[in-house]
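Given chain A, put chain B with the ligand in place with the hints provided.
Protein chains in written order, with numbering that gives the first Met the number 0: chain A, 0 to 401; chain B, 0 to 126.
Possibly wrong hints are sitting among the right ones.
[Said to hold, decoys possible] Cβ-Cβ distance ranges computed for the label pairs, FRET-style:
{"id": "1", "chain 1": "A", "residue 1": "Ala138", "chain 2": "B", "residue 2": "Gln108", "range": "21 to 29 angstroms"}
{"id": "2", "chain 1": "B", "residue 1": "Gly40", "chain 2": "A", "residue 2": "Val225", "range": "35 to 43 angstroms"}
{"id": "3", "chain 1": "A", "residue 1": "His81", "chain 2": "B", "residue 2": "Cys25", "range": "27 to 35 angstroms"}
[Unchecked claim] Straight-line Cα separation of at most 20 angstroms, EDC-like style, residue types lysine to aspartate or glutamate; simulated pairs:
{"id": "4", "chain 1": "B", "residue 1": "Lys64", "chain 2": "A", "residue 2": "Glu153"}
{"id": "5", "chain 1": "B", "residue 1": "Lys109", "chain 2": "A", "residue 2": "Glu153"}
{"id": "6", "chain 1": "A", "residue 1": "Lys116", "chain 2": "A", "residue 2": "Glu238"}
{"id": "7", "chain 1": "A", "residue 1": "Lys134", "chain 2": "A", "residue 2": "Asp38"}
{"id": "8", "chain 1": "B", "residue 1": "Lys64", "chain 2": "B", "residue 2": "Glu89"}
{"id": "9", "chain 1": "A", "residue 1": "Lys192", "chain 2": "A", "residue 2": "Glu33"}
Derived from the structure by calculation, the hints contain no laboratory data.
By construction, the Cβ of each residue, glycine as well, lies at the ideal position given by its N, Cα and C atoms.
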Amino acid sequence: MSRIPPSHLDAAAVNRGLRGRVAIAGAATYGCGEAPGMDDMTLLVRAAQAAVADAGLTMQDIDGLATCSVNASMWPMPVIEHLGINPTYVDGTMIGGSSFIAHLLPAIRALEAGQCKAVLVCYGSAQRSATFGRKESIAARRFLDPQPYEFPYEPVLPVTAYALAAARHMHEFGTTRRQLAEVAVAARAWAQKNPEAFMRDPLSIDEVLAARPIASPLTVRDCCLVTDGGGAIVLTRAERARDLPRPPVYVLGNATAVWHRQISCMPDLTTTAAAQSGAQAFAMAGMRAADMDMAQVYDAFTINTILFLEDLGFCAKGEGGAFVQDGGIAPGGRLAVNTNGGGLSCVHPGMYGIFALIEAVRQLRGEAGARQLPIHRTAVVHGNGGTLSSQSTAILGTFDTL
Amino acid sequence: MQMSAQTHYQAELDAGRFCIQQCPACERHVFAPRELCPHCGAGGLRWVRASGLGTVYSTSTIARKQDAGGNHNVALIDLDEGVRMMSRVEGLVPEAVTIGLRVQAHVGQKDGRGLVLFTPVAQGGAA
Ligand SMILES: [Zn+2]
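Next up, chain A with everything else stripped away, as it sits in the complex (with noise of 0.2 angstroms):
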């Protein structure tokens, strides 16, 4: 039955000369968490200024823009507007979450092509405070992302999809539910550390395994959590970054893959498009798993963390299990995955992947606090959007790792 599509580029060599060239030269979160009051722009446009800011740099000096949003689909319009600007490269590309990480390789190609100097990356979400929520944009969903041959099944998208997956990973390789819990658990861990996480009260396996049921295999702490937040990142030519003050971190890698959009569409459930979008961004960076310090992935539900462990290569298809178990991506593990707390623990307003982006700079940069690794050269961050639809993986390093 399972049916991958085929790929006919090899998108790693024609990418390859576009390694390091680009560097994100500022980021910066606002209103995570809780922002009663705030609406989508505001929590955006306060993220986008304090990354300009952050980069050295005015609004002014902002000619090429990234941006999408789940509520509108004109959205770079309205931010344009907002934040005054003028830019010579504009891009609304929306595949869900993992946009924002999917905004890197073409700005790469406008900035390296000279059709603009500075681009920001930029999302705000008051989905768990606007008064238009959460449960409005599904209900308006329903009718602008019709998927007629899933909802007459009732199936509460996007959680069911994802059980799913958790289903039959769990039926083909054994995984358990206590090793889906220990991803809840080491994001908890990671959020501990974190003043900016959301949830950060203590968390064990049992209460994973007890709280409230939603769709089996997974109960509520399996799921992300439903905040407000804004993130945005500036991204710059390498030599530019050099000269401004914060230490550049540079895209080593990026590539992004889309397989289908319904989950009952999807090829393998046990195997997402990470697969492909990882294995052309390590080569783009000329990488493996084993090079990388630190996996910011996008953990919208425990399954997430666990699919692409495997499929970014860190572990063999069906041993992710294996490989989170026993605290080994919580602090002091073998490998340390969502170091902010993820989306499980810090913040997930929609969509995360700007936020996974925001937390790898900030380790690679050494100002990540409590949380700070010690070794800090190399990132893997991977970006999830629809139901497993679209993958999209960066590879991101310091100075050392040109």
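Same frame as chain A, but now just chain B with the ligand:
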């Protein structure tokens, strides 16, 4: 007036028939309904009656309050024709639906429209 693939699929269901598409070029079956064969790119997919026999590929029990109808099953079914679809397995409690279970389709109804649903194949039945 021409019919979209979705309209055709639903019209057949409303008439009590479960049909899926088959590619005239590569002969493979196709689901979900669409315009082009995802295997070879050919158009003009034809409609054929599905056998309705399949196997549960994955399953989940969705928690729902009693007054909203209680827990219900959502499953992915691999039809013997080699395609996968979302549906629901009935005739047993949601928690008893298991991966690998052999199931048989029938056309039920929801809000007056036809809907493909599955029940377990009787022991010793078609496999
Ligand atoms: Zn064909």
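Status of each hint after checking the structure:
no.: 1; hint: A:Ala138 to B:Gln108: 21 to 29 angstroms; result: holds (24 angstroms)
no.: 2; hint: B:Gly40 to A:Val225: 35 to 43 angstroms; result: holds (41 angstroms)
no.: 3; hint: A:His81 to B:Cys25: 27 to 35 angstroms; result: violated (51 angstroms)
no.: 4; hint: B:Lys64 to A:Glu153; result: holds (14 angstroms)
no.: 5; hint: B:Lys109 to A:Glu153; result: holds (11 angstroms)
no.: 6; hint: A:Lys116 to A:Glu238; result: holds (11 angstroms)
no.: 7; hint: A:Lys134 to A:Asp38; result: holds (16 angstroms)
no.: 8; hint: B:Lys64 to B:Glu89; result: holds (19 angstroms)
no.: 9; hint: A:Lys192 to A:Glu33; result: holds (19 angstroms)
Violation of the numbered hints given earlier is confined to hint 3; every other hint is satisfied by the structure.
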